[in-house]
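Colleague: As a plain string of letters, each chain reads:
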Amino acid sequence: MADAPLRVLIVDDEAPARRRLRELLDDCATALPLAVVGEAQSGREAVELLQSVPVDLVLTDIHMPDMDGLELARHALKVPHTPCVVFTTAFHEHALQAFEVNAVDYLVKPVRVQRLLAALQKVPKLRPLTNERLAELPSSARRFLSVTERSRVVLVPVEDVIYLKAELKYITVRTAQREHLLEESLTRLEQEFGNRFVRVHRNCLVARDYIRGFERVVNDDGDAHWEVLLHTLPETLPVSRRQQFVVREIGREVAA
Amino acid sequence: MMLAYGPGMRSIIRHSGDAPALPDLRNLGTTLRILLAVNGAAVVAALVREPRWEALPAAIVSTAGALQPPLLLSLAVLWLAAPWLARQPYRAGAVVVAGVAVASTVAFHALYSGFAPEWSGSLGRDVVLALAAVAALLYYFRLRAKALSPAIAEARLQALQARIRPHFLFNAINGVLSLVRSDPRRAEDALHDMADLFRVLMRDNRDLAPLADEVELCRQYLDLEKLRLGERLVVDWNVKSMPEDALAPPLVLQPLLENAVYHGIEPSTTPGIISVNIFLSKGEVHAILRNPYRDDGGRHHRGNRMAIANIRERLALHFDAEASLESRTLRDSYEVHIRMPYRTVAPPKAAGEARVHPAGNVVALDQERAKPRNRTALRPLEAARG
Chain A
97 MADAPLRVLI VDDEAPARRR LRELLDDCAT ALPLAVVGEA QSGREAVELL QSVPVDLVLT
157 DIHMPDMDGL ELARHALKVP HTPCVVFTTA FHEHALQAFE VNAVDYLVKP VRVQRLLAAL
217 QKVPKLRPLT NERLAELPSS ARRFLSVTER SRVVLVPVED VIYLKAELKY ITVRTAQREH
277 LLEESLTRLE QEFGNRFVRV HRNCLVARDY IRGFERVVND DGDAHWEVLL HTLPETLPVS
337 RRQQFVVREI GREVAA
Chain B
17 MMLAYGPGMR SIIRHSGDAP ALPDLRNLGT TLRILLAVNG AAVVAALVRE PRWEALPAAI
77 VSTAGALQPP LLLSLAVLWL AAPWLARQPY RAGAVVVAGV AVASTVAFHA LYSGFAPEWS
137 GSLGRDVVLA LAAVAALLYY FRLRAKALSP AIAEARLQAL QARIRPHFLF NAINGVLSLV
197 RSDPRRAEDA LHDMADLFRV LMRDNRDLAP LADEVELCRQ YLDLEKLRLG ERLVVDWNVK
257 SMPEDALAPP LVLQPLLENA VYHGIEPSTT PGIISVNIFL SKGEVHAILR NPYRDDGGRH
317 HRGNRMAIAN IRERLALHFD AEASLESRTL RDSYEVHIRM PYRTVAPPKA AGEARVHPAG
377 NVVALDQERA KPRNRTALRP LEAARG
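If you read the protein sequences in the order shown, they are chains A and B. My numbering runs 96 ahead of the 1-based position in the first sequence. My numbering runs 16 ahead of the 1-based position in the second sequence.
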């Protein structure tokens, strides 16, 4: 184990930054056995790579288009061989205080070779990241939900999600094409994506963009309730009595 | 970050802090302060004069009542004269303010002696009181301005600091570092670009400079960004009909391009086009910058607003109402349109009043342009500041 080279994945949207890190890693290779197993331009590409090549350490930029480094770290937790993650950033932001508090390692670019080597040597002793620790870092809402299907991590773009419905142990993630099962808490999801989704029922969040309208339904007992009509899907979702105000709120939004 | 200590920054503080100025007489805060101070003084005067507690309310009403008409008239006249007054030297302005106060006192004195003799005291006493009030108020406003000026200078400083993102500096250095081993020549070029860019950023940028210089600076800046962004950054230059000698405030375009890169290019993995259009039309220079833009919930907007406000302020400082900056969000792009008058430097020997600032540089030449149809003159910075 001690002699096996450290397998490193470089993630940065800027080619020169990747090249620079590669040069520095080459410099470190004399002091510590390591191998750069790949480069990725975005978090999304990195998640794909992580599933084909086992990686011990991901060196990722924080700010990237498509999927940033923090989101990458969250999805990487679901990969079978979970890698350690060390973040890189060009600017020492206030936000980095949170990294220090939570003992999440980061490197400020330009990176000195000594500092990089120190970070690499620490890797075997690094506490693995957890969702809880990552949640402490200042991040914006994820762009993707990651679900595990046949031991592969599948990324579902949040903008494709029509509704999220809690059932027993899992959450059903519904897109226009199909359903996925997600192991997360609906309350957490509501906090993270509150702008995009609205709660219509104790067990259901619906994407505002996909709401076509509401329909008043009277069942056999004579009880009436509202149902959400959706774009692109024929099915309807019940609105609970407690969330009825949503009908008026959204109804007005659509009319306006 | 480091720019906070540049020479240009210090000069801004010196600039706005020195000369005393009249308060803004159209400002609600100023008006309220004057009303409160004068009426407060009236209450105290009534207290001193009227020994009986029961009679005090009547005494206050009578004192304050007599005071109100001349006070309001003075304020109204000063409100009307405010823009003109702001352009006068401080002493002259103060004399005018005192004159207005005395004149309205005299006018109402005459009126009262006809209709309300019980309000009418001796004229000399009223005039002295009015002058005392003006002196006390002006002294107060001057002290207040002094107390506030560091805060204003600080705000200005912060606004200027926002002009270049430290983010850019470190990214650029990182970009150069990535070239040092593989392509030393390009690394050299990039370092030269950086040196030029920072020389401009750190110098005293109060004077107008030729537009061609600004465009050259923008090219150097974009070359540096291209280094790290590669083919993601595409720049479409349309500056063939640009009047190269037109004078513009330095750094009028570069911060906008920085925003364009930050908001338009960086958030996307696919190539984006920044277009720069500069042309002359009807004696005015137009610069239109456009970048792709996708609204992502407004987390980037603060920096952009600050840069826009900063440039708008500097344009106003140099050209007043003759220049404008408008920005608008189109369906999938963002556009900034700058309009300024076409002015060029007059030949050095031409007659005209040259203003020299302490560093010894010529600030501006108060000089008509050679072309007779464009009679606008360059306005010295100090005068524009009021």
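Keep in mind the hints are simulated off the structure, nothing from the lab. Every value quoted in this text rests on a predicted model; they were computed, and no experiment measured them. From the three backbone atoms N, C-alpha and C, an ideal C-beta is built for every residue, glycine too. Wrong hints could be hidden among the right ones.
[To be verified] Below are the SDA-like pairs computed for lysine to any residue, each with C-alpha atoms no more than 20 Å apart in a straight line:
hint, chain 1, residue 1, chain 2, residue 2
1, A, K174, A, R239
2, B, K242, B, R197
3, A, K174, A, T268
4, B, K242, A, P112
5, A, K174, A, A125
6, A, K265, A, L213
7, B, K242, A, T185
8, B, K242, B, P308
9, A, K218, A, H159
10, A, K265, A, N299
11, A, K261, A, T185
12, A, K174, A, R223
13, A, K218, A, H297
14, B, K256, B, A203
15, A, K218, A, A125
16, B, K242, A, A111
17, B, K242, A, R223
18, B, K242, A, A125
19, A, K174, A, T185
20, B, K242, A, H297
21, B, K242, A, R114
[As the list claims (entries may be wrong)] If you want the ones that stay clear, here's a sample from chain A, every Cβ over 10 Å from chain B, calculated:
hint, residue
22, A125
23, S138
24, K174
25, P206
[What the hints assert, rightly or not] To give an idea of the interface, some chain A residues facing chain B are shown, with a C-beta separation under 10 Å as derived from the structure:
hint, residue
26, F187
27, H188
28, A191
29, L192
30, A194
Colleague: Could you run down the list of hints and mark each one as holding or not?
Modeller: Hint-by-hint comparison with the structure:
1. A:K174 - A:R239: With Cα atoms ~16 Å apart, K174 (chain A) and R239 (chain A) stay inside 20 Å; holds.
2. B:K242 - B:R197: holds (18 Å)
3. A:K174 - A:T268: holds (18 Å)
4. B:K242 - A:P112: holds (10 Å)
5. A:K174 - A:A125: violated (29 Å)
6. A:K265 - A:L213: Status violated; Cα separation ~43 Å.
7. B:K242 - A:T185: With Cα atoms ~19 Å apart, K242 (chain B) and T185 (chain A) stay inside 20 Å; holds.
8. B:K242 - B:P308: Between K242 (chain B) and P308 (chain B) the Cα gap is close to 16 Å, so the pair holds against 20 Å.
9. A:K218 - A:H159: violated (24 Å)
10. A:K265 - A:N299: holds (12 Å)
11. A:K261 - A:T185: violated (37 Å)
12. A:K174 - A:R223: holds (16 Å)
13. A:K218 - A:H297: Outside the cut-off at roughly 47 Å; violated.
14. B:K256 - B:A203: violated (29 Å)
15. A:K218 - A:A125: holds (15 Å)
16. B:K242 - A:A111: Roughly 11 Å separates the two Cα atoms, so the pair holds.
17. B:K242 - A:R223: violated (38 Å)
18. B:K242 - A:A125: violated (30 Å)
19. A:K174 - A:T185: violated (24 Å)
20. B:K242 - A:H297: Between K242 (chain B) and H297 (chain A) the Cα gap is close to 50 Å, so the pair fails against 20 Å, i.e. violated.
21. B:K242 - A:R114: holds (15 Å)
22. A125: holds (15 Å)
23. S138: violated (6 Å)
24. K174: For K174 (chain A), whose nearest Cβ neighbour in chain B is about 23 Å away, the distance exceeds 10 Å, so it holds.
25. P206: The assertion about P206 (chain A) is violated, with a minimum of 5 Å to chain B.
26. F187: holds (5 Å)
27. H188: At 8 Å from the nearest chain B Cβ, H188 (chain A) passes the 10 Å test, so the hint holds.
28. A191: violated (12 Å)
29. L192: With Cβ-Cβ at 13 Å, over 10 Å, it is violated.
30. A194: violated (17 Å)
The structure does not agree with the numbered hints 5, 6, 9, 11, 13, 14, 17, 18, 19, 20, 23, 25, 28, 29, 30 stated previously, though it agrees with the rest.
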